[in-house]
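> Produce the entire structure from the sequences given, and follow the hints as far as they go.
Protein chains: 2
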Amino acid sequence: MNMILDKAHLTPPDPYPSRKSSEVCILKRCDPVVYSEYDAACPLTQEQVESYDKNGFLMLPEMFTQEEVALLTEEMERMRRNPMIAKRKETITEPESQSVRSIFSVHQLSPLFSRLATDQRLMNIIRFILGDDLYIHQSRLNYKPGYRGKEFNWHSDFETWHVEDGMPRMRALSASITLTENFEYNGPLMLVPGSHQYYIACVDGTPEDNYKSSLKRQEYGVPDDIALSTLVNEGGIVTATGKPGSVILFDCNTMHGSNSNISPFPRSNAFFVYNAWSNRLETPFSDHQPRPEYIASRQATAPLKAGSLTDPS
Amino acid sequence: MNMILDKAHLTPPDPYPSRKSSEVCILKRCDPVVYSEYDAACPLTQEQVESYDKNGFLMLPEMFTQEEVALLTEEMERMRRNPMIAKRKETITEPESQSVRSIFSVHQLSPLFSRLATDQRLMNIIRFILGDDLYIHQSRLNYKPGYRGKEFNWHSDFETWHVEDGMPRMRALSASITLTENFEYNGPLMLVPGSHQYYIACVDGTPEDNYKSSLKRQEYGVPDDIALSTLVNEGGIVTATGKPGSVILFDCNTMHGSNSNISPFPRSNAFFVYNAWSNRLETPFSDHQPRPEYIASRQATAPLKAGSLTDPS
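Sequence lines, in order, name chains A and B.
Just so you know, we're using our numbering here: the first sequence kicks off at 1 and counts up by one.
Just so you know, we're using our numbering here: the second sequence kicks off at 1 and counts up by one.
Don't take every hint at face value.
The list treats identical chains as interchangeable, and a pair is accepted whether it falls inside one copy or across any two copies.
Below, simulated DSBU-like cross-link-like pairs (lysine-lysine); rule was C-alpha separation at most 30 Å, straight line [said to hold, decoys possible]:
hint	residue 1	residue 2
1	K243	K54
2	K28	K243
3	K305	K243
4	K144	K87
5	K89	K305
6	K89	K28
7	K144	K28
Simulated from the structure, these hints should not be mistaken for laboratory data.
Right, here's the structure in full:
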């Protein structure tokens, strides 16, 4: 008995178990959302901090100028057309057309996108929210074409990063920097305010009823309809629309997704996941093998240093 | 030579050819949009008439009261659960779940929906726009579920009604009566203002390149990306959001579509297509066999009479 208590003390139970049961379960978050105390030096207003804390996301319209967006867009197009990049494992192409859909590790493939990721306007805010030094857990450039862009189902990133990558706690966030205009009709990011306060433990394994298998497979690692309705009934849905150069910051555990895009307007963005230095990856909280470095970084040797998008010095 | 001229005179060339060429072609509409002159007796304001004429659609918020919507919703649910209706050919079920997606000919299957279709608030407006007696070319009840509602690609209805059903001219319109709220994020109807002034003659036939076949099949009877961009660059995109009981009227040739719906909120509506009595169907403008009566009616024997949704007398 004493032994067991000791052992439990040495390895506390995972507060965020998932894919271990046949039932979906809604748990309360047991980590802070904002890890710093507000003071006059904070790069956000007090209302912005409170809004991020309450809703789990914050929209920062036009943080980057149209001139900066033009530089980024040009670089994005150059990368899309570069056959050396198209061949890399970090590059995901559309199954039918071979056109580039996403490029992972973009902060390592492009000096300009590296400077975007560490631009001080962005870094100061994120260091304030996470109250720690930072490194990049994942980065990508998403081209999201018009006409036949597909929907992306509801999910919390943290569930995957915890179970498949071994991220211990909720002390990470995503920054999406929009490179084209996000309209209400080109499949913008949708977020569920307040959903970051609940952890949806997802179902595991293979379904017992074979006829349901195709349906169930889709639901592996994503919340079921009832859990999702519970969150939406409480918080509603917010659509992140805005001009190019805007930034959408959202907590690692905020429920989000997007509808399809049949409009002619692409919805491109640069996407960086920042993790607190103290929250670096451990062994996955499952029997998964760790995912590749370009999807979930384990090799960062030092925290990010803030710089400037337009000044390479 | 004389003979040929005479013959051309007797059977004038089809002004709206489609699916007869390997090229998409944009033709100018050669029919009016509003077929009556505005006067004080008109059930619309002059601004509304001008807006419909210019844009090809008109939104009429909350034409029906919430009590009327409650009656319709109740009837809709009763029909959905009725096994006799589920078995009918007019009922379309989801491929995986057998749950009811649409019920065609709803004005013939339900006295309440028949009274909705002929309610004088609706009928007076539509008779004004089409300047003629009316009959119902097609009707349906759309359940459009939440969570995994699929997108519906851009199309003009008239192209199909002309080519496959034999509708001679552009003198028809659709009325969508919303039975749930249309949010920006539950896959609402999207329309391209001004697109009704252009007829997109679509490509015909089987693709020559086999590997493209799945892509091409989707594009059979729908505009290509370039034609769509041309229309959208000129008119933009409008999203039809609104409370239950609202009516969206749109011309038979207005380009429209909808994105997917991953939100929990269904987007149900009753949908009626009114055709001018003088514009009844002929032989299809193609070698298609006429489609079934419940999709394209040929058997109407008398024009609709206006009545009241709530008064069966």
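> Give me the numbers of the hints this structure contradicts, sorted from smallest to largest.
The structure conflicts with hints 2, 6 and 7, although it agrees with all the remaining ones.
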